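A.B. asks: Listed here are the chains, written in short residue letters.
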Amino acid sequence: MEILLGLFYVLVFPGLLFCFAIGLLLLGIDRKIVARMQKRIGPPIIQPFYDFFKLMGKERIVPNKAAKKIYIIAPVIGLISIITIALFIPIDYFKTFFNNYADLVVIVYLLTIPSLAIIIGGASSGSPFGGVGASREVVLMLGYELPLVITLLAVGMKIGRLTNTAATFSLINIVDYQIKNGPAFLQWSLIPAALAFLMVIPCEIGSTPFDIADAETEICEGTMVEYGGILFGVYKLTQGIKIFVMISLFIAMFMSGIIPAVSSSIFVNSLVSIVWHMALVIVILFIAVSLLRATTARIRIEQAFKFYWTYPTALSLLSLVLVWAGL
Amino acid sequence: MGYTIPIGPYHSSLEEPVYAKLYTEGELIKDAEVHIGYNHRGVEKLTTQKNFIQTIALVERVCGICSHSHAFAYCLGIESITGMEVPKRGQYIRVITAELERLHSHFLWLGLAAHLIGFESVFMYAFNAREKVMDALEALSGNRVNYGMNIIGGARRDIDSGQKEKLLSMLDELHDANKTLKNIFVNDKTVAMRTKGVGIISREDAMKLGIVGPHMRASGIEYDVRANDPYSSYEDFDFKVIVHPDGDVFSRVVVRVLENDESIKIIKQALEKLPEGKINLGVKMPRVPEGEFVSRIEAPRGQLVYHIVTDGGPTNYRVSIHVPTFRNAASIPHMLKGSYVADAGLIVACIDPCFSCLDR
Numbered sequence: 003m004e005i006l007l008g009l010f011y012v013l014v015f016p017g018l019l020f021c022f023a024i025g026l027l028l029l030g031i032d033r034k035i036v037a038r039m040q041k042r043i044g045p046p047i048i049q050p051f052y053d054f055f056k057l058m059g060k061e062r063i064v065p066n067k068a069a070k071k072i073y074i075i076a077p078v079i080g081l082i083s084i085i086t087i088a089l090f091i092p093i094d095y096f097k098t099f100f101n102n103y104a105d106l107v108v109i110v111y112l113l114t115i116p117s118l119a120i121i122i123g124g125a126s127s128g129s130p131f132g133g134v135g136a137s138r139e140v141v142l143m144l145g146y147e148l149p150l151v152i153t154l155l156a157v158g159m160k161i162g163r164l165t166n167t168a169a170t171f172s173l174i175n176i177v178d179y180q181i182k183n184g185p186a187f188l189q190w191s192l193i194p195a196a197l198a199f200l201m202v203i204p205c206e207i208g209s210t211p212f213d214i215a216d217a218e219t220e221i222c223e224g225t226m227v228e229y230g231g232i233l234f235g236v237y238k239l240t241q242g243i244k245i246f247v248m249i250s251l252f253i254a255m256f257m258s259g260i261i262p263a264v265s266s267s268i269f270v271n272s273l274v275s276i277v278w279h280m281a282l283v284i285v286i287l288f289i290a291v292s293l294l295r296a297t298t299a300r301i302r303i304e305q306a307f308k309f310y311w312t313y314p315t316a317l318s319l320l321s322l323v324l325v326w327a328g329l
Numbered sequence: 003m004g005y006t007i008p009i010g011p012y013h014s015s016l017e018e019p020v021y022a023k024l025y026t027e028g029e030l031i032k033d034a035e036v037h038i039g040y041n042h043r044g045v046e047k048l049t050t051q052k053n054f055i056q057t058i059a060l061v062e063r064v065c066g067i068c069s070h071s072h073a074f075a076y077c078l079g080i081e082s083i084t085g086m087e088v089p090k091r092g093q094y095i096r097v098i099t100a101e102l103e104r105l106h107s108h109f110l111w112l113g114l115a116a117h118l119i120g121f122e123s124v125f126m127y128a129f130n131a132r133e134k135v136m137d138a139l140e141a142l143s144g145n146r147v148n149y150g151m152n153i154i155g156g157a158r159r160d161i162d163s164g165q166k167e168k169l170l171s172m173l174d175e176l177h178d179a180n181k182t183l184k185n186i187f188v189n190d191k192t193v194a195m196r197t198k199g200v201g202i203i204s205r206e207d208a209m210k211l212g213i214v215g216p217h218m219r220a221s222g223i224e225y226d227v228r229a230n231d232p233y234s235s236y237e238d239f240d241f242k243v244i245v246h247p248d249g250d251v252f253s254r255v256v257v258r259v260l261e262n263d264e265s266i267k268i269i270k271q272a273l274e275k276l277p278e279g280k281i282n283l284g285v286k287m288p289r290v291p292e293g294e295f296v297s298r299i300e301a302p303r304g305q306l307v308y309h310i311v312t313d314g315g316p317t318n319y320r321v322s323i324h325v326p327t328f329r330n331a332a333s334i335p336h337m338l339k340g341s342y343v344a345d346a347g348l349i350v351a352c353i354d355p356c357f358s359c360l361d362r
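In order, the protein sequence lines correspond to chains R and B.
The working numbering numbers the first residue of the first sequence as 3 and each following residue consecutively.
The working numbering numbers the first residue of the second sequence as 3 and each following residue consecutively.
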């Protein structure tokens, strides 16, 4: 029974099948919202599904100059690691036994793997555009990892203080505390950290103004320039799931426990919290991704790096200092 | 890490083929070369085999965006060789078409500039405005791309009062659209981050390189053929020559946005002051004596020069076309040196290149 349940979690919800659906769906919703803001009708919301299935049927071409094995395996590793993170993030009352195995440190490690996969895949493609894209992705990672880690540290420390333990990095503890005592963003010392996290989201998922590593009009999709067919589809899918994972992580860290338990049954509570979670994901997608994408131009790599090491880093450090000072 | 990055011959930031070779170190461009000639069609040779009416149709197809300018400059040349005096109404209709074409070209470029810096919303807004200009041109000439408004001795189609009202109301819409674009380009912070200080050409360098048009006026040189050497009754209209001193991509954007306003102003004046009378001289096939003339006009991209030589026969002896892009393309390597790879596409595109004009 335990094994069957585990398989269900891994393959259906919140694993492979669900991630596949929600990732592509969020990409479609994002495209539709932006289209409406640009006075366009936009593609149907399920357009990314059409694209993905079309890409599955396309020929897979590996360039002569590419390091073949790495080139093929990099996007797949990225996809696997991002789906793994989805298993580790609790959704309010919905928890799987995977949640007990992983804490924030593991999630931070796993979050870097899709970016690393992009870097390795782009660099192995043997194209100068891929090389430039990879070097840009490295710089971006250096930029946004710092505020991200400090933010997670601040939240862990705050929840740890409140529960009279040392800093806690268990997401289960963080979510449970919020379910009992209200969401973490109401703790005013964590508000700067929440803002910093929101600023990290568009860069982590590579949307304008931070779509620098795969800038279409500058370096022809950069790291993805040589990819085609199912491998490109896998990359797009990874990007979609990354949106879901990053926003889910944000909700788990700051906005859990907004709706109270509606019944004593865990199943009903889980169901309600999942529906609520999806609604929140779309709202945050609009605020943190679509709105920004429709109203900004792509900035340069050194400007992005400077931005991340000033504002978000300062905000998250402010939170950390406030928490450390016991506020 | 040194890469040699090719921008072109086919690149997503270019609509037409040109090849800029970038020698980079990391994100910095150490050296750059520009190779042209991917779009050669032999138009100049063909003009020597066509008669004067056929040549109008031919030169109109040199460029898809400034098609009227080419036919305009050619007709001005032939009219001067034969000594024709175009009726005022015909001159005004030519000016209206030329200014609508300038609006079309500038909106197109503003959209592309926004697209190149990744600002897709503004791209959509600019192309929305451009669509309105194309509708206006269709209302005026019946065509959306090659307008066919020129004939030797004047304009081919008249404007009636219904068209006039329609054009005036369209111009009001365009004015509002341009106001929105102006607001975004001048005030948006990310646009400033991407365009200020990029691709700088100082006033002295602009003089040395011999660049023309809005590209030159953005480097602080106040020169416009419409104002300095008026042709086709431009002296009747009240407009400003827009100049911006900074010489970077941002000032080129500002110059073009403000020139849109001036163009709208000129069209309004021309429509309101439209004189009565004939629109052309009614010449079917002109008898052109032996002669030579250099006609120059202000095309949307800058000064367009037609050197026309006739030998008294039924065809042109020589038509030499000097397009603005040829002059401006010389400034691309100058701008690319020492800038970032991220800006390379924008820098190549910021001269508003037209390679079908350039290669003819």
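None of these hints come from the bench; they were simulated from the model.
Please read these numbers as outputs of a predicted model, since none were measured by experiment.
A portion of the hints provided could be inaccurate.
Pairwise CB distance ranges (calculated) [claimed, not checked]:
no.	chain 1	residue 1	chain 2	residue 2	range
1	B	Gly340	R	Ile72	47 to 55 Å
2	B	Pro247	R	Gly231	33 to 41 Å
3	R	Lys41	B	His309	24 to 32 Å
4	R	Ser272	B	Thr6	50 to 58 Å
5	B	Val296	R	Ala69	56 to 64 Å
6	B	Asp137	R	Phe288	50 to 58 Å
7	B	Tyr25	R	Lys60	33 to 41 Å
8	B	Gly66	R	Ile261	55 to 63 Å
9	R	Ile43	B	Asn230	29 to 37 Å
The beta carbon of each residue, even a glycine, is placed where N, CA and C say it ideally should be.
A.B. asks: All the hints need checking, so say for each whether the structure fits it.
C.D. replies: Verification of the supplied hints:
Take Gly340 (chain B) and Ile72 (chain R): their Cβ atoms lie about 35 Å apart, and the range 47 to 55 Å is violated. Between Pro247 (chain B) and Gly231 (chain R) the beta carbon distance is about 51 Å. The supplied range of 33 to 41 Å is therefore violated. Taking 24 to 32 Å as the suggested C-beta distance range, the pair Lys41 (chain R) and His309 (chain B) does not conform, at roughly 45 Å. Distance hint check for Ser272 (chain R) and Thr6 (chain B): the Cβ-Cβ separation is about 56 Å, which falls inside the suggested range of 50 to 58 Å.
Hint check: Val296 (chain B) to Ala69 (chain R), Cβ distance near 59 Å, so the stated range 56 to 64 Å holds. Our hint of 50 to 58 Å for Asp137 (chain B) and Phe288 (chain R) is violated, since their Cβ atoms are close to 33 Å apart. The beta-carbon spacing between Tyr25 (chain B) and Lys60 (chain R), approximately 34 Å, falls within the hinted interval of 33 to 41 Å. Taking the beta carbon of each, Gly66 (chain B) and Ile261 (chain R) are about 58 Å apart, inside 55 to 63 Å as hinted.
Between Ile43 (chain R) and Asn230 (chain B) the Cβ separation comes to about 46 Å, which falls outside the hinted range of 29 to 37 Å.
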